Amino acid sequence: MFGRLVFESFRRQRRRKLLAGIAVALGVAVATAMIAVATNIGDKINQELRSYGANLLITPQADTLDVEIGGVDLKPPSDGAFLREADVLRIKGTFWKNNIVGFAPMLPVRANLGTGAQSQSVELVGTYFAKQLAYDHESFITGVRTTNPWWKVSGAWPGDDSSDVLLGQTLAEKLGRKPGDSIEINGQARRVTGILTTGGAEDGQVVAPLHVAQEILGRPGAVRRVYVSALTKPQDALALRDPKTMSPAMLERWSCSPYVQSIAYVLQQSLPHARVEPIRQVASTEGTVLERIKGLMLLITVAALLASVLAVSAAMATAIFERRNEIGLMKALGAANITVASVFFAEAVLLAVMGGIIGFFGGGLLAREIGRSIFNSQISVEPVLFPVILGIATLVTFAGSAAAILRAMRFDPVYALKADA
Amino acid sequence: MSTTPRTRRSGKHGMFLRMLLRATLVRRGRALSALLAVVVAAAVATAMLNLYVDVQAKLRTEFRKYGANIVVVAKQGQPLPADALLRVQTALAGRGIAVPFAYVVASTSDGSPIVVAGTDMQTVRRLDSWWAVSAWPNAAGEALLGSRAAATVSPQGQPFDLSFQGRTLHLNAAGTLTTGAAEDSRVYLPLKDFTAWTGVQPSTIEIAANGSAAQVTVILQQVTTAVPGAEVRPVRQIMEAEGRVLGKTRSTLLAAAALIILTAALCVLATLTAWVLDRRRDFAIMKALGASERLISGFFAAEAASIGAIGALLGYGIGIGAAAWIGRANFQASISPRLSVLPSVFLGSIMVALLSAALPMALLRRVQPATILRGE
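Just so you know, the protein sequences line up as chains F and Y, in that order. Residue numbering for the first sequence follows the working numbering, starting at 1 and increasing by one per position. Residue numbering for the second sequence follows the working numbering, starting at 1001 and increasing by one per position.
If a hint is listed, it holds; no wrong ones were tucked in.
The following residues of chain Y were derived to be distant from chain F, with all beta-carbon distances above 10 Å:
hint	residue
1	Pro1159
2	Leu1295
3	Ser1344
With a cut-off of at most 20 Å between alpha-carbon atoms, the simulated EDC-like pairs for lysine to aspartate or glutamate come out as follows:
hint	chain 1	residue 1	chain 2	residue 2
4	F	Lys294	Y	Glu1062
5	F	Lys131	F	Glu215
6	F	Lys178	F	Asp164
7	Y	Lys1248	F	Glu369
8	Y	Lys1248	F	Glu291
9	Y	Lys1075	F	Glu68
10	Y	Lys1065	Y	Glu1240
11	F	Lys17	F	Glu322
12	Y	Lys1075	F	Asp73
Quick look at which bits of chain Y chain F covers, simulated, 3 or more residues with Cβ under 8 Å:
hint	region
13	1117-1131
14	1177-1191
15	1236-1249
16	1274-1282
17	1322-1334
Bear in mind the hints are in silico, worked out from the structure with no lab data behind them. Treat the numbers as computed from the prediction; the structure is a model and nothing was measured. All residues carry an ideal CB built from backbone N, CA and C; glycine is no exception.
If we strip away everything but chain F, and leave its shape as in the complex, we get (with noise of 0.2 Å):
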């Protein structure tokens, strides 16, 4: 008989339900999205936050002063220390190696440009570009391209094994050169792939790939410094405590978490005479921003999360306040209050399952809509997540449904017969 009320009622008020179900349905899938988006939105954002370069640099450690003014190395390039460009690759090698979004050696060396009287000297900057590389077999591209996205460069890139070169743009404009061009540099013709424009110290100089500066300088496989680009978590109090006076267990918690100051000190470890610090415009920077994303994304989810409670409860306080002539009915017919009260609870715990499901996969599809339409990445639901959602999307229902049937309940079975409202 149970079942059997159940069962009619929602084969007889197919619209009523479904429009009950829908309310259920929007609002999980309208909660499921925002939850998704929450607890990604720190990821792409920090992952948005590269694109304002390094937050890492390695400098060799016996190195002198850097004698350099506006971007520009006034320091004689024999001078100082060297990073060897085979141990950089170690980088790749340490625990943090997938928090590494990049890395880009750098070695300036002066150079003349022309032949002749027109000969002048201007900075050489070697780098890697997007270059190819393998470390335990793990094999990745890395370079200026992903560190410093803010670089443009009108024609194209040159090869990291070519001997080819990009031209700053307020140089190429002195030297009227264009991509495609020729240019003599101590004597070799190169060939101008690109003009490159960063807004700095660059657009002034010529950038080619790291092995040209090295045979320049005469050192193979030499690196002045090297720019890291690693993703991080906001520094709090820990992060910020000098790791030798931490207790163990303190410092396995602050060594495992990917502060910038943790991701240094493993560097430095694994880097042989070699210093590492955090830049502190990026990285100390970076936090502030990701937090505030992230606290207003949070608070935002507590808003959608309580407008779907509320269009939930009001689907179904209306759903079962239209109802009073059935419990009228019932009630009249010598139903007692608890049965009267479960048959609506289970149809209203039926409906939640139902809308549930439908509104949890309408809620990933959402998801992954805004992660690929805003993000170019996917933003994916946890399965975790399922049973926690239908829980709550029962519970709500289930509260929504208590206080209109308690009050509908409350009604002289007289008053709904004659339909007196």
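Fit chain Y to the given chain F structure using the hints.
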């Protein structure tokens, strides 16, 4: 409807107004729940729209912690004109901060080269908030030492000498500076001491200009005209990354706002539709007593519209409060109430309310009043 008889002044529209009022007052419970739905929806919509408008400004102030987004550099080794900083500041007119920098390569007592910079210590603290400084210089003859420079010239914090073109300057170390970049290898002096010692004028002015990308472009142009003969360029690293992060955040916020407002509007639709449907007996009685379709439609529409309007106004107030709370909780800054949000929330609420009334009305119009009154 059981109304208590009461004498009342009735004007031309007295009856209409009275019915409107009594209908709401007599069945307070149902009317209240409908009003509540509108209030909540309007509050959520207000908070979301207000946040959407204001959050960009709030995030921009966070992004300014990345430092300068415009630099003015002298062309090819010449110093900037002496009044360049003043001209830049006039062009800025309070829309940002400008900090002058002057550089020379001096030598330490053992003859190795070191970059010495002169700057305005008061403004550089605000421009480059990421500088980790142990103590700022505040007396004459004090210098700020980059952490690597300190290890070379003054490892124990003792006084040291620097010389430039034969003139030696005796300095005390006030504190050390750590940035992780080129600054670590430099010595920073207050600009006055620097110029008195070297005679070199500032060659660079770094500007942190506030505002949207368009506003910064305008400032860039104004600074360019204010300082002819200098190169004024945007810091693309900062500007492009900011645009990217801000754009993504805005889009996410917009998507979230759209979803939330849609849900809230559906909540109103469900509640108000039920409310109107629930009163089909009023509708039937009015019709049976000979009221025209237009009058009845007008009556229900007026009722729905007034619920929408009252709900929107209450909701606006609550929503502004919620946005202000979010602003304080998340940005530690107040979010100013935007009046520009009010019309859209107000009209939106009324539209949704009218739509909610129109749906059941269309349904009821087809039904004979007798059928409803008989209770079927």
